[in-house]
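> Protein chains in written order, with numbering that gives the first Met the number 0: chain A, 0 to 549; chain B, 0 to 549.
Since the list gives no way to pick one copy over another, a pair counts as held whenever it fits inside one copy or between any two copies.
Dumping the calculated SDA-like pairs for lysine to any residue here, alpha-carbon to alpha-carbon at most 20 Å:
1. Lys519 to Arg278
2. Lys5 to Asn322
3. Lys519 to Pro431
4. Lys519 to Gly147
5. Lys286 to Glu532
6. Lys39 to Ala367
7. Lys519 to Asn74
8. Lys519 to Ala434
9. Lys286 to Gly528
10. Lys5 to Arg410
11. Lys5 to Asp216
12. Lys196 to Asp531
13. Lys519 to Glu435
Please keep in mind that the hints were generated in silico from the structure rather than gathered at the bench.
2 protein chains.
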Amino acid sequence: MARRTKNILFIMCDQLRWDYLSCYGHPRLATPHIDGLAAKGVRFTRAYVQSPVCGASRMSFYTGRYVQSHGASWNGVPLKVGEMTLGDYLRPLGVQTVLVGKTHMRADREGMERLGIDPGSIIGVRVAECGFDPYERDDGLHGIGPDGRYDPQVPRYNRYLNDQGYAGDNPWHDWANAAEGQGNRLASGWAMRHARKPARVREEDSETPYMTSRAMDFIREAGDAPWCLHLSYIKPHWPYIAPAPYNDMFTAADVLPVVRSEEERSDPHPVFAAFMDLRASRSFSRKEVRDEVVPVYMGLIKQIDDQLGRLFAFMQERGVLENTLIVFTSDHGDYLGDHWMGEKDLFHEPSVKIPLIVYDPSSEADGARGSVCDELVEAIDLIPTFLEALGADPAGQSHRLEGRSLLPFLRGNPPAEWRRFAISEYDYSPLPVAAELGVEPRDARLFMVADKRWKLVQPVGFRPILYDLAADPNELRDLGADPACEGERRRLMTALNAWGLRLSQRTTRSEEQIRQSRGKSQRRGILIGVWDESEVAEELWSSYLGEPKQ
Amino acid sequence: MARRTKNILFIMCDQLRWDYLSCYGHPRLATPHIDGLAAKGVRFTRAYVQSPVCGASRMSFYTGRYVQSHGASWNGVPLKVGEMTLGDYLRPLGVQTVLVGKTHMRADREGMERLGIDPGSIIGVRVAECGFDPYERDDGLHGIGPDGRYDPQVPRYNRYLNDQGYAGDNPWHDWANAAEGQGNRLASGWAMRHARKPARVREEDSETPYMTSRAMDFIREAGDAPWCLHLSYIKPHWPYIAPAPYNDMFTAADVLPVVRSEEERSDPHPVFAAFMDLRASRSFSRKEVRDEVVPVYMGLIKQIDDQLGRLFAFMQERGVLENTLIVFTSDHGDYLGDHWMGEKDLFHEPSVKIPLIVYDPSSEADGARGSVCDELVEAIDLIPTFLEALGADPAGQSHRLEGRSLLPFLRGNPPAEWRRFAISEYDYSPLPVAAELGVEPRDARLFMVADKRWKLVQPVGFRPILYDLAADPNELRDLGADPACEGERRRLMTALNAWGLRLSQRTTRSEEQIRQSRGKSQRRGILIGVWDESEVAEELWSSYLGEPKQ
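Next comes chain A alone, as it looks inside the complex:
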């Protein structure tokens, strides 16, 4: 019997660089279970996020739309009520759409109140959770400071830890993200000098195994009904701290050489300069920071790989592996000191490129297993892929969804025509950098437009940045002001400008509805520009030309 996709397992890591997996070429970090998925799926080498920051990137994954289209352009910017999300597309197909882990969604409470949507209703919860049924929502950022909690929602994970005997109000921090310090004090994971110390939590109670178990709980409970499970790990995102043995599995010798040049710092573009000056960038520019932190970052990835091995075995055992389409990806990368940068935010490959592996269980995909796709792929391509894999026609949603289905690649039938440019965006208005650069909140935006060779970054109000990925794959030389590259810059700007003028908000009428509507008003009595009755068919006058009523 032919295998086909019934369920979707959409696995996302947070801040996982594309090149920190052995299947993407990392020489020291073996990730056999992820590699195994690549071996039976397709591995994409040019997958870009729509924005190199958690919230904005994720809202593009979950809406299938560019950031400029959905508007939730940074962490904490609510996704407006009315934007359709993954769940809105899948539920009509009978697929329950469930979350375990992080989304970084901020609910548009003002919009919900304006529209009278009860936050406690099923619709209200889904609107607030960007379309997911939250089996377990946990953004993994349970910081507390002088002004209170960052995430007002206390996670179920804290209760779990308490139940396992980990004491305190915030065991997320005190056990899972802190080590034993000196003098009977905590060594907080927020201070990176403690990165190599083991977290105080037992490995099996740390965040990655916990979320994996929760995903297994869901799969167990879901039974036979089709589902889409978004398993969204917080790791290897900071705080960079891991439980034993993952804290100690790698050393500075295992870390990839840093990619940066003095030229980058000598006369940098002002926006790049401002980001190089951020605390995280300054920290990661130091060798000791990289030497201590990157090995732990690698350990956290290793732990994910081990947990995925556990999950895949569980699925195999239950017979769901053979009818579940599996995506493995990340919401953006991590500079880790490359280009004198920490964190993400800008558009160098370590930040904007993501690992993307898709396993299609269906028989039609058998011929493409283990293949590699070098086409330009975007985060917004996933929803159309899911729809097509489930037998629906994503073209019918092309008035909303801005990406394209990857299914042809998964089945070895690449389309004759594919996108020639990838777009990413970044809104830095919520960062103090914007004020330092003297840029108004509405103009503090960067655009990336890239083809397979060139990458242009256009900040509003500044000159562009340009990299030649063929001659300079490490992106060390900014050609944004080089007169020799004027033609390339113009070509890429033309593509970006065309993108800016695209249709993105006519979301209430499909292309097909529009085609079908043409010329129809005449048959409902709207007769425009007619001089004499004889110019149009007699039947159109049927209700107009009777005997007059007196």
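Using the hints provided, position chain B relative to the given structure of chain A.
Showing chain B alone in chain A's frame:
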């Protein structure tokens, strides 16, 4: 005591050309009451609609946003649930926002259902009526054909006519929009050859006086509470037919000379050519059609002016004229045969330019009464104007509202800096023209970008059209392919491209909220990029560095 704005009367005509009013220079059509409003207000000479078609234009008036931003790009394209409208901005100020007449709003029923919004609830009605409380909604298009009614809602006006003794199922057509024909048959207003015949309805029962009376009913009932009344006439929109004496008030001798040239037809831009070939264009290109129809078009305008005289007198009597800001405008123009065109749709001045007169009752406006403003003004400027007139700060809504308040012009304090380009758009995908031109629904779009001298029209996928309004004020010569104008075209395209990349969807966070949020996560325990605890203030560690709980 200083006068100030308490109420807003927002009068819109439908398809009224900017130059068919005596205050705008029409030599034969005296409109003394509208002129009187201009004499005590400000008359704008470069007011453009955001789209030269009813529905899209109106949704821009009602949302304060460009068509590309709100997405309701043509008649019948629903305005998506969640888009904020005039009423959403005014109600929090204690101003009831009420409709009498036409909006051309199509409710987003699918979106309402998805969000669980009860169409019968107050919120549901407002969402469906683009934010208005519908005192009387009537789009004035009650056509009936073989496929049924164009507007499923039977208007209250039909009941009114029946009550007055006008018989039949659709007295809107049979009495208000038809004349006596030959042989005891109706002469339908849909056939323009009947235009000069008197409509069968008594003048006082025709649409314009009826809607005026309904506005007066509302004002009477409203009492002392502040209001914003959108009085939205269907006329002088087709069917072009008027009751006596307005049917016979003007003759062909009163019609402005036609503006067109043989050059326009000799080698036209393909998009222009396709629109010149529409039935309405072919009809209005004939002298007999103009000679019969335009005098009636003028009569319908004259009737509006007379009715406004009645309304203003009523308001004067009740003392509300002195605290009501009054706008008089239109949703777009009418070619009436100029440029070999009928209807609207394209961007020549007769179509895209509108009359706009604003009377500000406040004492601060006394110095500017009767003045004329030649700046580039857009339909989206009205909501910010209303907000400022009512004492609110439109800048606080600049994350949603894309226009600017006109109040400084009304008060003789023009801002130092004003927009340098006006934008308008047109989506022709719902027209058979799109298929004839071989253009996909998503690409069947036109953009206009104009400054005070040049006007560029850029259809997606075609060469631009360009007019020099200084050298060629009648827009008879398309310079879109003239090599001498390359610089102007590039300059205007640069402006259009910048507009395309503008921020338009980050509507859930104000500029001020964004500024205030900067650097705040640190005080909620998110400490990014810290190596050593000493790098940040000790208080930030308060919840992290206690004695470990065992």
